[in-house]
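Use these hints to put chain R onto chain P, whose structure you have.
Chain by chain, the residues run as shown.
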Amino acid sequence: MNRLGWRKAVNAIMSAVTALCAVTAVAPLLFVLGILAVKGASSINWSFLTQLPKPTGELGGGMANAIVGSGQLLLLAALFGVPLGVAGGIYLSEFGGWGVPFVVRYAADLLVSVPSIVIGIFAYAVVVVRMGHFSSLAGGFALAVMLLPIVVTNTEQFLRTVPVWLREGSLALGAGHWKTTISVVVPAAMQGILTGILLALARVAGETAPLLFTAFNNDYWARGFQQPVSSLPVRIYEYALSPYDDYHRQAWAAALLLLGLVLIVNVLSRLVLAKKMASRRIA
Amino acid sequence: MASSNTAVGVRLPSAPRGRWRWLGGTKGVDLIARLVTLLAALSVLVVTVWLVVDLWQKSSLPRHQFGFRFLVDRVWDPVFGHFGALPFVYGTLVTSAVAMVISIPLGVGAAIFLAELAPRGLSDTLTFFIELLAAVPSVVFGVVGVFVVVPWVRTSFGPLLKDVLGFTPLFQGPDYGVGFLTAGLVLSIMVLPFIVSISREVLLSVPVELREGALALGSTKWESTWKVVVPTARTGILGSIFLALARALGETMAVTMVIGNTPKIVASLFSPGYSIAAVIANEFTEATGDLYLQSLVELGLVLFGVTLVLHALARLLVSATAQKARGAV
Numbered sequence: 001m002n003r004l005g006w007r008k009a010v011n012a013i014m015s016a017v018t019a020l021c022a023v024t025a026v027a028p029l030l031f032v033l034g035i036l037a038v039k040g041a042s043s044i045n046w047s048f049l050t051q052l053p054k055p056t057g058e059l060g061g062g063m064a065n066a067i068v069g070s071g072q073l074l075l076l077a078a079l080f081g082v083p084l085g086v087a088g089g090i091y092l093s094e095f096g097g098w099g100v101p102f103v104v105r106y107a108a109d110l111l112v113s114v115p116s117i118v119i120g121i122f123a124y125a126v127v128v129v130r131m132g133h134f135s136s137l138a139g140g141f142a143l144a145v146m147l148l149p150i151v152v153t154n155t156e157q158f159l160r161t162v163p164v165w166l167r168e169g170s171l172a173l174g175a176g177h178w179k180t181t182i183s184v185v186v187p188a189a190m191q192g193i194l195t196g197i198l199l200a201l202a203r204v205a206g207e208t209a210p211l212l213f214t215a216f217n218n219d220y221w222a223r224g225f226q227q228p229v230s231s232l233p234v235r236i237y238e239y240a241l242s243p244y245d246d247y248h249r250q251a252w253a254a255a256l257l258l259l260g261l262v263l264i265v266n267v268l269s270r271l272v273l274a275k276k277m278a279s280r281r282i283a
Numbered sequence: 001m002a003s004s005n006t007a008v009g010v011r012l013p014s015a016p017r018g019r020w021r022w023l024g025g026t027k028g029v030d031l032i033a034r035l036v037t038l039l040a041a042l043s044v045l046v047v048t049v050w051l052v053v054d055l056w057q058k059s060s061l062p063r064h065q066f067g068f069r070f071l072v073d074r075v076w077d078p079v080f081g082h083f084g085a086l087p088f089v090y091g092t093l094v095t096s097a098v099a100m101v102i103s104i105p106l107g108v109g110a111a112i113f114l115a116e117l118a119p120r121g122l123s124d125t126l127t128f129f130i131e132l133l134a135a136v137p138s139v140v141f142g143v144v145g146v147f148v149v150v151p152w153v154r155t156s157f158g159p160l161l162k163d164v165l166g167f168t169p170l171f172q173g174p175d176y177g178v179g180f181l182t183a184g185l186v187l188s189i190m191v192l193p194f195i196v197s198i199s200r201e202v203l204l205s206v207p208v209e210l211r212e213g214a215l216a217l218g219s220t221k222w223e224s225t226w227k228v229v230v231p232t233a234r235t236g237i238l239g240s241i242f243l244a245l246a247r248a249l250g251e252t253m254a255v256t257m258v259i260g261n262t263p264k265i266v267a268s269l270f271s272p273g274y275s276i277a278a279v280i281a282n283e284f285t286e287a288t289g290d291l292y293l294q295s296l297v298e299l300g301l302v303l304f305g306v307t308l309v310l311h312a313l314a315r316l317l318v319s320a321t322a323q324k325a326r327g328a329v
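Same order as they appear, the protein sequences are chains P and R. With our numbering, letter number 184 in the first sequence gets 184, and the count goes up by one each step, no holes. With our numbering, letter number 290 in the second sequence gets 290, and the count goes up by one each step, no holes.
Honestly, the hints are just simulated from the structure, not real lab data. Please note that the accuracy of each hint is not assured.
List time: in silico DSS-like cross-link candidates among lysine-lysine, alpha-carbon distance up to 27 Å [stated by the list, open to error]:
| id | chain 1 | residue 1 | chain 2 | residue 2 |
| --- | --- | --- | --- | --- |
| 1 | P | 54 | P | 179 |
| 2 | P | 8 | R | 227 |
| 3 | P | 8 | R | 221 |
Which stretches of chain R does chain P cover? Using the computed rule of at least three CB atoms under 8 Å from a CB of chain P, they are [unchecked claim]:
| id | region |
| --- | --- |
| 4 | 48 to 62 |
| 5 | 69 to 79 |
| 6 | 139 to 151 |
| 7 | 215 to 224 |
| 8 | 249 to 263 |
| 9 | 267 to 275 |
| 10 | 304 to 316 |
Backbone N, C-alpha and C fix where the C-beta goes; we use that ideal spot for every residue, glycine too.
Bound conformation, chain P alone (with noise of 0.2 Å):
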């Protein structure tokens, strides 16, 4: 074979190779959710939704309280974290000069990154310990911590998407900062805002690990927020690591609900992202 073959031949090979790359990335996906939908799906039924888990031995039972604990969860951590990270994101984007928003960038930065575990000992040492027992508040601070750098970053970002003119504008009609602010800039980068809180919702909603001794697990209802609560990741940890093929059952079941909802959250929040920029894009 002639230079020129060779070359083209490693050409149609490296692309090939790449390719096929690609392909195995996307598979993982495909996969698991193929297999959550195949063992899980059939275990979704009216009982699964409704009912408190039964006793070790006994089969049936499902994981309303868990939903609800999620829910309970989800719920102070963005009582907690989207106000502070909402405000927190207007300053870093309308009112920062050079010095706070760096170093507040930075931390959010750390924040995020900081493996969800360490969090859980954060808010142990934080909640737990003051409380002297385990509590649903305990859980919503972990998964306010984890929620706050995510929406402050992302709130910046879609003010920061906010073209200067429509700030000018108003300014210019004698409009203050903060009037500026709250009735044209926050309203433009409004649904981008709301995503980005969603998606972070959606992130947190699938953490396990900062819930193991803050929120715990509790078999039966949570009353108020002092009680420790039951939540979805943590009942498929224990259902799956269970010797009890019910459990597993509905380790399946559960994880194919959670799985679910984190991804319609997902797909939805980006179509709706992919569309605005697109259209910030044309005009």
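This is chain R only, laid out in the frame that chain P set:
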């Protein structure tokens, strides 16, 4: 008061002065809004500092008692109050190494295809799916790991490796399914999206002029990619690898579920092991006594320190590439 009058009588906003000057001369509602949002932004900083200080303070006992030997001592014996973290450090490093060996070639290859060789539509679709993989909760990977990957490694993949590579110390001994190899396999899938999506972006940031130059000189598509584009993006790709490594080192649930949870230091990848994150997850609620608990906190601190350094390096490398790419034109 706060405005000065010019000769023609037009009121101009005054330059900031007086006690509130450092706020940039805003007032009234603006001032309040600025202060409130500033506090919110600072909360991120406060939490971060608080976390570091808290972890540092709550791990003083083992630090004083064991010092640096903590990291190289291979005996972890809660009953006798002797804590050495080497088996966990070893397990964390080995599983991450296995993960990187698999995910680096796969991820960089995929990124090259998506950024350089694939048609735009196909590239966008595949990237969408790969980035979704990053959204899968780690406990879900754990479930698939426990029920699918572990039996597969025990019955098919392990024996196959033993037949082919059994002469090396890495693939000897009994294969229980759970262990370093399985944990590394699951980890490799989990960190893959980080390598692919960041490497792809770094490659896309390389100016198109460089590609055109290479193609104009008669190189094939692959030659322009491999000899021009990839070297330009090299530091950024390295950054994406560091980021993935940081994820792999800190990953908890999936590893805990498939690593076997046995503190061992052996060469065989088939052997069950333990990792830093896994021991924290398993023993934290059962830790009796301050020294035990604080040793676990110190492990958390070690994990935090390592990911911190890797993350900073990764950021530096990725932004360095972005600057280089801008400067290249």
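A quick look at each hint next to the structure:
Distance check on the hinted pair: residue 54 of chain P and residue 179 of chain P sit about 55 Å apart at the alpha-carbon level, beyond 27 Å; violated. A distance of roughly 15 Å separates the Cα atoms of residue 8 of chain P and residue 227 of chain R; the hinted pair therefore holds under the 27 Å criterion. Proposed proximity of residue 8 of chain P and residue 221 of chain R is supported: the alpha carbons are some 9 Å apart, at most 27 Å. Counting residues of the region 48 to 62 of chain R whose CB falls under 8 Å from any CB of chain P gives 7; the rule of at least 3 is met.
Interface restraint, the region 69 to 79 of chain R with chain P: violated (0 residues with C-beta to C-beta distance below 8 Å; minimum three). For a cut-off of 8 Å, the count of residues in the region 139 to 151 of chain R with a CB near a CB of chain P stands at 9, and the three-residue condition holds. Under a criterion of three residues with beta carbons nearer than 8 Å to beta carbons of chain P, the stated coverage of the region 215 to 224 of chain R is upheld, 4 such residues being counted. Against chain P, the region 249 to 263 of chain R contributes 6 residues with a C-beta closer than 8 Å to a partner C-beta. That satisfies the three-residue criterion, and the hint holds.
As drawn, the region 267 to 275 of chain R meets chain P at 0 residues by the rule of a beta-carbon pair under 8 Å; below three, the given contact is violated. For a cut-off of 8 Å, the count of residues in the region 304 to 316 of chain R with a CB near a CB of chain P stands at 5, and the three-residue condition holds.
Checked against the numbered hints given earlier, this structure breaks hints 1, 5 and 9; the rest are met.
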